[in-house]
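Put the two chains together into one complex; each comes in its own frame, and the hints tell you how they fit.
Each chain, letter by letter, is given below.
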Amino acid sequence: MQEKENHVHYVRIDEDICNGCVLCMKACPTKAIRVLDDGVAHILGCCIECGNCIRACPKGAITSLTAGKDALKMSKHHIVPVSPVLYAQFGEDVMPNDILLSMRKAFDFVYDQSYTQELFNVATGLYIREHRNQNDGHWPVISPMCPVVNRLIAFRFPSLLKHILPFATPLEIVCREGKKWLSKKYGCQPEDIKVFPVTACPAKMTALSETLPDELSRIDGAIGINEIYDLIKSDIHEVQEPDEHIVLNYLSGVGIGWAMSGGEVAGLDAVRSLAVSGMKTTIRYLHAIEMGLLKDVDYVELRACREGCVGGAFAVTDKYAAKHSLNKLIRMFGSEKRVNFSYAQKLYREGWFNTTRNPTPLSDSASRLSIPEAIKREEDLEKLLKTLPRKECGVCGCPDCRTFAEDVIDGRTSVDKCIFMQP
Amino acid sequence: MKKEYEIKARDFVRAGKAAIGVQNILKSIGFEQDIIRRVSICAYESEMNVVMHGADGSLLLGVENKEIVLEVRDSGEGIEDIELALKEGYSTASEEHRDMGFGAGMGLPNMKKHSNVFEISSQKGNGTYLRMVFWVNGNRE
Ligand SMILES: Nc1ncnc2c1ncn2[C@@H]1O[C@H](COP(=O)(O)OP(=O)(O)OP(=O)(O)O)[C@@H](O)[C@H]1O
Ligand SMILES: [Mg+2]
Chain A
233 MQEKENHVHY VRIDEDICNG CVLCMKACPT KAIRVLDDGV AHILGCCIEC GNCIRACPKG
293 AITSLTAGKD ALKMSKHHIV PVSPVLYAQF GEDVMPNDIL LSMRKAFDFV YDQSYTQELF
353 NVATGLYIRE HRNQNDGHWP VISPMCPVVN RLIAFRFPSL LKHILPFATP LEIVCREGKK
413 WLSKKYGCQP EDIKVFPVTA CPAKMTALSE TLPDELSRID GAIGINEIYD LIKSDIHEVQ
473 EPDEHIVLNY LSGVGIGWAM SGGEVAGLDA VRSLAVSGMK TTIRYLHAIE MGLLKDVDYV
533 ELRACREGCV GGAFAVTDKY AAKHSLNKLI RMFGSEKRVN FSYAQKLYRE GWFNTTRNPT
593 PLSDSASRLS IPEAIKREED LEKLLKTLPR KECGVCGCPD CRTFAEDVID GRTSVDKCIF
653 MQP
Chain B
3 MKKEYEIKAR DFVRAGKAAI GVQNILKSIG FEQDIIRRVS ICAYESEMNV VMHGADGSLL
63 LGVENKEIVL EVRDSGEGIE DIELALKEGY STASEEHRDM GFGAGMGLPN MKKHSNVFEI
123 SSQKGNGTYL RMVFWVNGNR E
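Read top to bottom, the protein sequences are chains A and B. One gets this note's numbering by counting positions in the first sequence from 1 and adding 232 to each. One gets this note's numbering by counting positions in the second sequence from 1 and adding 2 to each.
These are computed hints drawn from the structure, not numbers from a lab. There could be a bad hint or two in this list.
[As the list claims (entries may be wrong)] Derived lysine to any residue pairs resembling SDA-like cross-links, with alpha carbons at most 20 Å apart:
1) B/Lys5 <-> A/Asp632
2) B/Lys4 <-> A/Pro604
3) A/Lys555 <-> A/Ala507
4) A/Lys394 <-> B/Ile37
5) A/Lys608 <-> A/Cys633
[Stated by the list, open to error] Over 12 Å on every C-beta distance to chain A, these chain B residues come out as not near it, computed from the model:
6) Gly32
7) Gly127
8) Val135
Built from N, CA and C at the ideal position, the CB exists for glycine as well.
Next comes chain B alone, as it looks inside the complex (with noise of 0.2 Å):
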């Protein structure tokens, strides 16, 4: 099954709302615990990155017996060094940012550490795509 969420760009009142609905979803299936503690965070940092650093953005959430996969892309302004993006700490975060507790620079460490396969697509300008992939079971096939 697929289900889309729409991400509103700097709505940080509607922000989390698909982690959430991901989280309700995957519950109601009835996977294991690991597995939706895991699939909801991903959701939830990149859902905020996209409210936080990109624009109007979405969050496809597909779910098949042996694989739960996120999509999610936004139309902003990109990333211009994904492995700079990639380290622990580093965050381009503001001010305003900082002061509501994001920022610490963890969001796509934490993503890369909980999925399966993590893959990440930007350019400057061109805003950014990111696919994760959860084998349910530690299934690879």
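Chain A with its partners taken away, still in its complex shape (with noise of 0.2 Å):
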């Protein structure tokens, strides 16, 4: 398919270990794997990077690449922004301050992101408020924390683009104000400073690939949690001396509940708002929001991960587990918001939180074609459709008997593939 070189993925199949099932195939929501005559899987299309695939793996054949814990090395000064993901990985009794204390000592400048996504919680309520009252926009807005769901939607759903808030994420503005302010700190220029996000989430690399004109809000590589899990693990103990403390910079329940599917929206006070996570119900969503069928509703929280981001493929812990963890310490830390409304309110006036990412649609093979022969094609298509067993069965080297079929048409494989069809 033509789209490969045009979108950058970071989703690795090791020829070696693939037998060729059709696993990680059927499991792609984009549709984008084959399996070819050579017995193993290839990512042909559009990859959004969900790690469905990573996850169906039963050889475990499939990585997303990351940066990885040795990046560090070959900078000077970095940040370390870390994923309340992170929080719930160690069981329910490790606190996040022994977590980011032990992560102090392997890394340079590590760094809670719950104080920015505050901010942003207050900014995302004055930006539906004001746009609201204008009555200009378009509701409901999405929101631009899933790289997943922001590239299934650049592919499938490009007339939603226009929904989603046109902000930085909290990790984008961690990335540009932390360059900016070690920077000045250390005499040195931004671009020196490097940002390496600790993630659940395989897709976070993409912000590498994706050309923003703003290269500070830019990360410079992501790490799994599951790299640096046994690191962290090794060196986990309570916080004892008194200036052990002072790692600590503003943990926030807030903050932490971002780790879960509705944790973004609970922060949102006042605004109509759902919270949506797995991949199927995110897609069923997306058509009813492309149906306008839910303009009623100010703001929705989409995740492609199945419980939000404690699901993403690089987590370690069982994800009904982590909720539990990260529920015992949202009552701990408790769910009232601690930022100045008042600054965050300049913040917004200023523009601080908006981005220069200009989100384009990802193209699709048939979009080549005129109107006319773009219906031929839909016709052949039927009319062979017509024709196969419907067994689903994937044997062919295709997820399901439609998509076998446009490859067909398309010219990318032939009928004699289908095991039923030969003669």
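Okay, structure coming up:
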């Protein structure tokens, strides 16, 4: 498929381990995977980096490239923003402080994102109220947080790109502000400060390839939670020395909640919101939004992973156990925002949250045809589909009969690849 | 091209499948966003009406270069007073349907608004037939 070169992605299939079963191919929501004649799976179409194939592969043949923890050695100064998912990985009795402290030993500047997340919540509320009053905008507004959802929208729901909140994400803000601030402190260029977030999300690396005009908001690589799990675990101990408490900057229950589905909208006051998670449900809601069925809703938090970021492919702990730990932490830290409202309002007015990201559609092979040609193609497809057995077996190397028919019509495979169609 | 979707009455689990199917086909052909949106809204509203008020029926999508046509029929009770049914806010939806968020009485008025040609015929006891035409690029010929 032609898209291959256009969309950089970081998911890799190890050809030596892959045995050519159909599970990853069937799990892929964009039908980007094919098992070719060489007997192994390949990513040929538009990968949105949801990680479903990674989770589906029984052989562990699929991984997503990250910067890896060794990347840190290449830069003198780096910031490591921590996803709150990390706090739920070591059991309910291990406190975020202990984790951050353990990380401080290995990394230069470890940063919890609660503060930025709270600011972001306030700004989101202000944006919605301002635009609802002026009666402009596209409703509902969609959260820009999940990179997989953003790619899914760009690929399958381009008309909804206008709905995505035009804000930099808290991570992008941490990146931009952190680089500015630390470079001043160390007397170097902002570009010399590298940012490597610790995350459960295999799609975070896309922020690298998406060309932002504003270089400062770009991360320099992601580190999977699974990659540093042992390192942190081996060093976790309870905070004992008084000076160890100083690691804490600004942890809050609001920020911790962002690890789970519903956590972002929990921090939104007086806004009609919905939180939806999981790929299938997310796609269903995107269809509904596209049909204008949710116009009365102000804000939709969509997360491709079930239960939200705790369900990310790089998480180590089971998502439901993780939720239990997080809920306990939220009760402990409280669910009140502590950020100064008028300060957040001032930042909002100054455009501090605005993004230079300009989401564009990811193209599709059929879209290069003229309307009459595309209608003819659709007719041929239907005709061919009627002759196929609809066993949806995947033996032909395509995820389902419909996709097989598309590949035949577009000349990427031949009908005799279907074991039921052989003479 | 033509494509037919079955609609099962009172099957709220599958409801919406036909509309999503229509939306996907129009997208893969590459029509403009606005016409896809209008056709999908009408497909959805008419599908839901069959599910809620009608009996088993079907939705037929017809796509040509210059127009998209939706034909929706069911063999249910039909509509006694069509003029009344077309009024904004008129609805006979049950309590149960209202709890699910339907019954604003906006389905038929919206279909009329979003289509270029809107035809409805129905008789008490004889089912309902709807035909909607959407001109590609506002084209009339
Ligand atoms: N296929 C049908 N069979 C029988 N009656 C119908 C059918 N379609 C519509 N009606 C009647 O017409 C009325 C108005 O339909 P309309 O779609 O405008 O509103 P609604 O379905 O009641 O509510 P909404 O569409 O806003 O959820 C319905 O309440 C019903 O009485
Ligand atoms: Mg209706």
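A quick look at each hint next to the structure:
| no. | hint | verdict |
| --- | --- | --- |
| 1 | B/Lys5 <-> A/Asp632 | holds (19 Å) |
| 2 | B/Lys4 <-> A/Pro604 | holds (14 Å) |
| 3 | A/Lys555 <-> A/Ala507 | holds (15 Å) |
| 4 | A/Lys394 <-> B/Ile37 | holds (17 Å) |
| 5 | A/Lys608 <-> A/Cys633 | holds (19 Å) |
| 6 | Gly32 | violated (5 Å) |
| 7 | Gly127 | holds (31 Å) |
| 8 | Val135 | holds (16 Å) |
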